[in-house]
Structure formats: structure tokens, C-alpha cells
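Protein sequences, first through last, are from chains U and F. Counting in the numbering used here, the first sequence runs without a single skipped number right up to 405 at its last residue. Counting in the numbering used here, the second sequence runs without a single skipped number right up to 216 at its last residue.
These aren't lab readings, by the way, just hints derived from the structure by calculation. Keep in mind that this is a model prediction, so the values were computed, not measured. Accuracy of the hints is not assured; some may be wrong.
[Said to hold, decoys possible] In silico PhoX-like links for lysine-lysine, alpha-carbon gap of 20 Å or less:
{"no.": "1", "chain 1": "F", "residue 1": "K44", "chain 2": "F", "residue 2": "K67"}
{"no.": "2", "chain 1": "F", "residue 1": "K8", "chain 2": "F", "residue 2": "K67"}
{"no.": "3", "chain 1": "F", "residue 1": "K8", "chain 2": "U", "residue 2": "K182"}
{"no.": "4", "chain 1": "F", "residue 1": "K94", "chain 2": "F", "residue 2": "K142"}
{"no.": "5", "chain 1": "F", "residue 1": "K67", "chain 2": "F", "residue 2": "K30"}
{"no.": "6", "chain 1": "U", "residue 1": "K51", "chain 2": "U", "residue 2": "K382"}
{"no.": "7", "chain 1": "U", "residue 1": "K22", "chain 2": "U", "residue 2": "K51"}
{"no.": "8", "chain 1": "U", "residue 1": "K252", "chain 2": "F", "residue 2": "K199"}
{"no.": "9", "chain 1": "U", "residue 1": "K221", "chain 2": "U", "residue 2": "K382"}
{"no.": "10", "chain 1": "U", "residue 1": "K189", "chain 2": "F", "residue 2": "K160"}
{"no.": "11", "chain 1": "F", "residue 1": "K84", "chain 2": "F", "residue 2": "K94"}
{"no.": "12", "chain 1": "U", "residue 1": "K243", "chain 2": "F", "residue 2": "K44"}
{"no.": "13", "chain 1": "F", "residue 1": "K198", "chain 2": "U", "residue 2": "K252"}
{"no.": "14", "chain 1": "F", "residue 1": "K2", "chain 2": "U", "residue 2": "K182"}
{"no.": "15", "chain 1": "U", "residue 1": "K209", "chain 2": "F", "residue 2": "K6"}
{"no.": "16", "chain 1": "U", "residue 1": "K209", "chain 2": "F", "residue 2": "K8"}
{"no.": "17", "chain 1": "F", "residue 1": "K84", "chain 2": "U", "residue 2": "K182"}
[As the list claims (entries may be wrong)] Derived Cβ-Cβ restraints for the label pairs, each shown as a range:
{"no.": "18", "chain 1": "U", "residue 1": "G213", "chain 2": "F", "residue 2": "P34", "range": "39 to 47 Å"}
{"no.": "19", "chain 1": "F", "residue 1": "S86", "chain 2": "U", "residue 2": "L21", "range": "32 to 40 Å"}
{"no.": "20", "chain 1": "U", "residue 1": "K252", "chain 2": "F", "residue 2": "T37", "range": "37 to 45 Å"}
{"no.": "21", "chain 1": "F", "residue 1": "I15", "chain 2": "U", "residue 2": "K252", "range": "45 to 53 Å"}
[Said to hold, decoys possible] From the derived model, a few chain F residues whose C-beta atoms are all more than 10 Å from chain U:
{"no.": "22", "residue": "Q4"}
{"no.": "23", "residue": "T27"}
{"no.": "24", "residue": "D60"}
{"no.": "25", "residue": "K84"}
{"no.": "26", "residue": "S99"}
{"no.": "27", "residue": "F112"}
{"no.": "28", "residue": "E115"}
{"no.": "29", "residue": "E129"}
{"no.": "30", "residue": "R151"}
{"no.": "31", "residue": "M153"}
{"no.": "32", "residue": "S156"}
{"no.": "33", "residue": "H158"}
{"no.": "34", "residue": "Y162"}
{"no.": "35", "residue": "D188"}
For each residue, glycine too, the CB sits at the ideal point set by N, CA and C.
Letter by letter, the chains look like this.
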Amino acid sequence: MTETKTVDIPVQNGDEDRYQLKLGPQHPATHGVLRVDLDLDGETIVECDPKVGYLHRGFEKLAEHRTFAQNIVLTDRLDYIAAMSNNVGYCEAVEKLLAIEVPERAKFLRVMVCEMSRISSHLLWLATHALDIGAMTVFLYCFREREVLLELFAELCGARLTTTYTRLGGVRQDVTHSIMAKLDQFVEKFPSCIEEYETMIDTNRIWLKRTIGIGQLSAEKAVDLCLTGASLRGSGVDYDVRKHMPYAAYDKMEFEVPVGETGDTYARYRCRMEELRQSNYILRQCIDMMPPGPIVGNDAPDLVMPIKPGKQLEVDVHAGNALFNLIEDRNVFMEGDIYVATEVPKGELGFYFISDGLGRPYRMHIRSPSFLHIGALGTMGKGVMVADLIAIIGTLDVVLGECDR
Amino acid sequence: MKVQYKPKRNLLETIFQVEILQGMALTLRKLFSPAITRQYPQEKPPMYPGFRGQHALVRDSLTNESKCVACMRCATVCPSRCIKISYHEDESHKRFVDSYTIEALRCVFCGFCVEVCPVGAITMTEVFEYATYNRDTTYFDKDLLLENWDRFMAGSGHDKTYVNPFWRPRGIPESSLPAQRRMNVPDDWTVEKQFVGKKATSSQQCLTATTAGGSH
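Chain F on its own, in the form it takes in the complex:
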């Protein structure tokens, strides 16, 4: 396809500067349209579940402690290697977390740690305003991470039914998720109620979502 040019302006258009008048008319029209600028510090941007912000360790409402089982999956998958975990085992091989540290300044906020956690212990909250004058406060240890969670739950208006989309990814069948991450989610997160185009061909419709897989 050859690109089309607009016709060259004629003498009259040149004299009366028609194209400039057209442009000015457009900007004048826009003067009366509603403003789209967001007055940021006063007016916060909309936040969606699954925003990859400040890290937090989920506080289990039963034990009042972290859910972490020290499986080391998050530390293994982390591309920037910013998660450090130390743990000890008792004689029945049950693991106890001694320390859990995240260096927020080295983190690339990819969300892989949230996605691989088998128990949904770690999450990335919708908090993004935690700039600080002090570098030390960006080294999150276990207590700080649990505090982050408390602050997030208090400030965001989420209740105990909060589900992070990376715990239970949209479009991934429940059967391929670990038991603790099979949570109740809105309808259109499930494979059965997913968005389908109007003109999706009938042969594609036959491919039901039950064949879904993916090793999670």
C-alpha cells in the first residue's frame, strides 16, 4: 500500500493560511473539553488488583505470622537475586524461616516471586509511594514485610477476600495450581467465563477450555 499525501494547498489557501486556522480551531475546540490532567499528589491514579508495587508478606489471620514455608522458590526464580532466606529444619524436615529479606532497591518488580509461591505467602501490594531519605528502610526484613501487609490491608479497602492476580493467574485453570492458591475469584478470571470475541470461529469454540494446562 502506497501512503497517500494530502493535496497541495492552492493559492487561496496559502494566502489565508487555512491549515493554520484549522489547527487553531482544533485547539480552540479543545479549550472547552474537560481537562484530562490528573492533579497527582492530591488525586491518586486508579489502581488495579495485581499492580506490582511494594512487597509484603501475607499475615496469616490464624497464626498471626507469615505463611512462608521456606521452599526457596522465590529466591530461586528472582532474576535480580534480591531475596535472601535463611531457615532451619527440625528432625521431621519441617522448615522454619529465620530471616526473610528483600532488597527493594535491587528488585525489578517482575512479580515472579508472587507467581511461584506455592502458598501465596508473598505479594506485591498496590502501594507505590514509599520513597525514602534512608536507604536502610528499603531493606525489607520479615517484620517490615508483614507491616507492609498490615498497612496495605488498612489503607486499600481490601478485606480478607483479597486475591492477587499473580496468586491465581487469570486464565489458568485451578487444577494446575497448588491447593492453597485455588481461591475464590471474580467470574471473568476463570477459564470458563473468559472473554471471547464475537467472531471467534466455531471450530475454535470446540476447543473447550478444559484442555488447558501449563505447569504452575
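Looking at chain U on its own, in the form it has when it is part of the complex:
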């Protein structure tokens, strides 16, 4: 017979009253594969430690082995509920790096799909946030409208979620009259839908109890935590990349940036609801002001053989590997580095590139808002109840695909 051994399991922090809880990564309220390690004292959180990386696919490394044009498909899978915004953000950055002109119509189309994806993302946020807090009906109503937008994406570019709609120097497909008629119908109808959501939860006493004063952040604290997007604007900081550093056709659009005051979950909720209205208004302007013209610029690089705009390369058509060799050529593309930020539904999405002229990024860094928002969770989750932590995860609007990339 073997001798039985007893093992002492050391209690961390030396406090035996504390209870350790691993929330996630399979918990539905964590919006994906987020794990939060909690130290509980009763039901109050003493330590809150978010753990990320369960969805890490190494996009930044993968991008180094693909051409700039091929990397567009990787950006679909960052924030997969608003893929269009990522496509646009990526292309805006690469075009600035490579000095590619985008025609006017493509800029308007980009703004249009950006705002469509903003609405669909905010609808999914509202749906899941309300579901976490306990409002089931709003979830169903939100998905009703989101479905309309996803069908439109399918008609526009052939896929509902992994859109790959933009290309360097423009967009891949023009809109049809039928798409614009459907979008026009949607824009007409949508404000009444927002009112429906607000009827359900805006003054509901359970909703107010669960959101007012929860996850409160002062403006200074929110800036310190690198929050962006509606999570920052809820605290009263007026910062929107669309307004302050306009890209695409946003400088021609009329819209306002909703800013909250109190910085709690309810203020952020109100901000996003106002943003839905503003996005709808931008969509209306896009439909009315859509200019005629080409959708791809003259100097847009070819998909297969991206070369520097204006540069002609002699190709031996009979050489089997000519296409590969061309991309290997040095100085095919511009050299240098650049950081370009765009406003995606979650916040500020930035792309940082270092290009060594090979036609593919030497280094691509993604400043994803969700990653920094999860970083704020550790501070915001301290001293609250477990149930409030769920509300805080919801109000930060995180997508783990973008966080872990």
C-alpha cells in the first residue's frame, strides 16, 4: 500500500474568508471568451483580474506575411460584429501610408457602410446588454432590425458578417437601386424602432436601478484608462475621431457627438442610443448626397500584383513565378511608418504600420478599443457586486475577437 500524503493548499492573500471565482471563459455574460478572476468578500468584489487571450489568432504576425490587399480579410475577423468599420479603418490607414487617392463616391459608400455597421453593432450591444441585465424583449426587437442591415450587407457584398467590402483605393462593389431603396425604407422606419427600445427600458425601474451609479468613472479616470468611444463620452469627454480628425467623407456630414455627464452605465447607454439616431441621420445624408463617379481610384494597386502607383513593371508572361517574384522585389511600395485612427462602434481603432517597401507590412500593430476597455475592467470592477460586474462588462461594449486578435 502506498502512503497517503496530505497537501496544504495555500490560501492566497492569507484571507480565508475570501472566495475565488473564475468568471468565464464560457460564461455567456462575458460576451465571448473573457475570463475574469474574482476575489470575493461575500458578494463584493475585492480583486478583479480580467484574463484575455482565449481568441488569440496572431493577426499582427499573420499580416506580415500577406500583401496589404490580402490583409483586408483579416480585419473582418477583428470586430466581427462590425466588420465594415474595420475594413474601412484598415484601408484608410494603408491608403495614407501608400498615398493612394480615393474617389468621392467611394468615400461616401465607406461612410454609409460604416454607419450601417455602427447601427448593427450598437443594436447587438443593446440586445446583449439588456439581456444580461434581464430585459429579454429588447433583445428580440434589436435583432429584428439588425437582420435587415445584415441582409443589406449580403446583397451589397455577398456576406453578412465577413464582408471584405473595401479595397485599397475604393470599394469592391457599387450599390444598386434596390439596396438603396431598402436602406431608405430602413432609415425611415428606424427612429420609431429606437423609441420602441426606449419604451421598454428607458424608464423601467429595474433598468434604472441596475444602471444608474454603476461603473461610475470621472472624466479624468476615463482618460487615464484609455477609454474611447461611447464609454469615454459617457463620462463627459467630447472626443470622436469622426468629428475631430475626419476621414472618408465625414467632413461633409452633419452630425453631433452625444456626450453624457454622469459617467455611469446609464449615461453610456444614453450616449449610444443618441448615436443610433445620429448614425441614422448620417445614413439619410449619404442616401441623399451620394455623388456619381468611379468607385475605385485610378492609382489603386492591383489585387494580385500590388505595385507602387504609377510604376510600370515589365512582366515576362511566360515565366511561371513572375507574380511571386514581383512582390519579392524591394521598393515596390513606399517605405515609412504611420498611425491612422478611425472611429469604430467600440471606440478608436488605430492601425500602426511600418512598411519596408516590400508590398506587405513589416509590422502591423492594431490599437483595438476592446483590449483597452477590458484593461479598465480591473479598476471599474473593484468594490462592486458580482451582478454589477456583468453590467459593467456590458456597458464597456467589448468584443473579444478584437481584443485578442
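Knowing the structure of chain U, use the given hints to seat chain F on it.
What follows is chain F alone, placed relative to chain U:
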């Protein structure tokens, strides 16, 4: 712009739970509106031309064979590198495809291969229900890809005039496309008949679509 809050409820509203009654009234109203749920397996979702579904190689009605000329553009552009082509050349440098394989499980369905094909040989069909118990059947070789095309043409109701929007992208002028992809398309796919907003400024109208470009 500061966000506006709704006014706080007063005592009467608190006692009679007005906001809850309003919510219940809304859901009750919705009870009588038509259902929006789609009974999926019985009722298929609407499909639009250009949906990026199962791959297929177009069967040329004249030769009864694939149109592929082994130019390797699709294999080069593929971001997930799931297309494998082997070919041989005769003395006049004419290429013959020996094998053409697509690993559907590695494909990311971006449609770049369809977009760059100079002869419109490859396409992505509107078929999306091809889940299988067997991994091997998702390695499409040339025969399977041609079969996919036959099945798509038989099942979708398209005739020989079928044009995939990625062969002839909407809004791209014909002059920048290879000859075999200048197909007859509906009016609003062309640059001339494109959608224009009601309030598009007159200075923009002057920029006619003839200046369109883009190296395709």
C-alpha cells in the same frame, strides 16, 4: 451635444407602475403584428447574386470543360493559400491544367479569386448548405468543382446569362476589365446608370463616370 434624460417619474407614475404598463402595452401590440421569424430548414433565406458560398469552376458550354487557363492569379491572391494548381505547358507555351484543388475548410470566402480571374472561370455559388460528416468531401478537386457548378445551375434557376458580380463588379467600367469578363449585366450595375443621390451637388455631377479607372 449633451444627452437628454427622460423626466423622473412622479409619485402617481410610481404607484401605478406606468412605465411597466407602457412596456407591456408595446409587447401586446406586437402580438398582433406579423411574425418575422424565418422557419429556416423549410424556408430558405433570400439569396442575392454574388453571395460568397460554395466554390465552383464554370463549365464552358462549348468545350464542356473548365475555362481555367492556369494563370495562377487566384492561387497568388488567395489570403489563406487554399488553392493548389498544377499545370504543364506545350511548346507554344499554352497551359493545360493538370489539377485544381480548393480546400474549402481553409477558405475564408473573401472572393478575391473570383475577382482576379481573367476569364471568369472560378465562381462562388449561392450554395451554402454543404456541411458534411466527411472531411475529404470538402477538398474540391477539378471534377468536384465542375459538379458544384452543374448542381448550382440546376438548383438555382439561373440560365446561361448568369453573371457573378465579382466577375463584373458593379461600378467598375467595362474598359478596365479583361475581354472575357465584359458581360451583359443589369442596367444599374453599369457606371452610367448607377445610383445617384437626390441632393448630389451639381459640381459633382460634372465629374462624369467616364474618368473611372482602377486596375482590374
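Hints and how they fare:
no.	hint	result
1	K44/F x K67/F	violated (31 Å)
2	K8/F x K67/F	violated (70 Å)
3	K8/F x K182/U	violated (38 Å)
4	K94/F x K142/F	holds (19 Å)
5	K67/F x K30/F	violated (53 Å)
6	K51/U x K382/U	holds (15 Å)
7	K22/U x K51/U	holds (10 Å)
8	K252/U x K199/F	holds (13 Å)
9	K221/U x K382/U	holds (14 Å)
10	K189/U x K160/F	violated (39 Å)
11	K84/F x K94/F	holds (19 Å)
12	K243/U x K44/F	violated (42 Å)
13	K198/F x K252/U	holds (16 Å)
14	K2/F x K182/U	violated (32 Å)
15	K209/U x K6/F	holds (15 Å)
16	K209/U x K8/F	holds (13 Å)
17	K84/F x K182/U	violated (40 Å)
18	G213/U x P34/F: 39 to 47 Å	holds (41 Å)
19	S86/F x L21/U: 32 to 40 Å	violated (56 Å)
20	K252/U x T37/F: 37 to 45 Å	holds (40 Å)
21	I15/F x K252/U: 45 to 53 Å	holds (51 Å)
22	Q4	violated (8 Å)
23	T27	violated (6 Å)
24	D60	holds (22 Å)
25	K84	holds (14 Å)
26	S99	holds (16 Å)
27	F112	violated (6 Å)
28	E115	violated (6 Å)
29	E129	holds (15 Å)
30	R151	holds (19 Å)
31	M153	holds (18 Å)
32	S156	holds (15 Å)
33	H158	holds (15 Å)
34	Y162	holds (15 Å)
35	D188	violated (5 Å)
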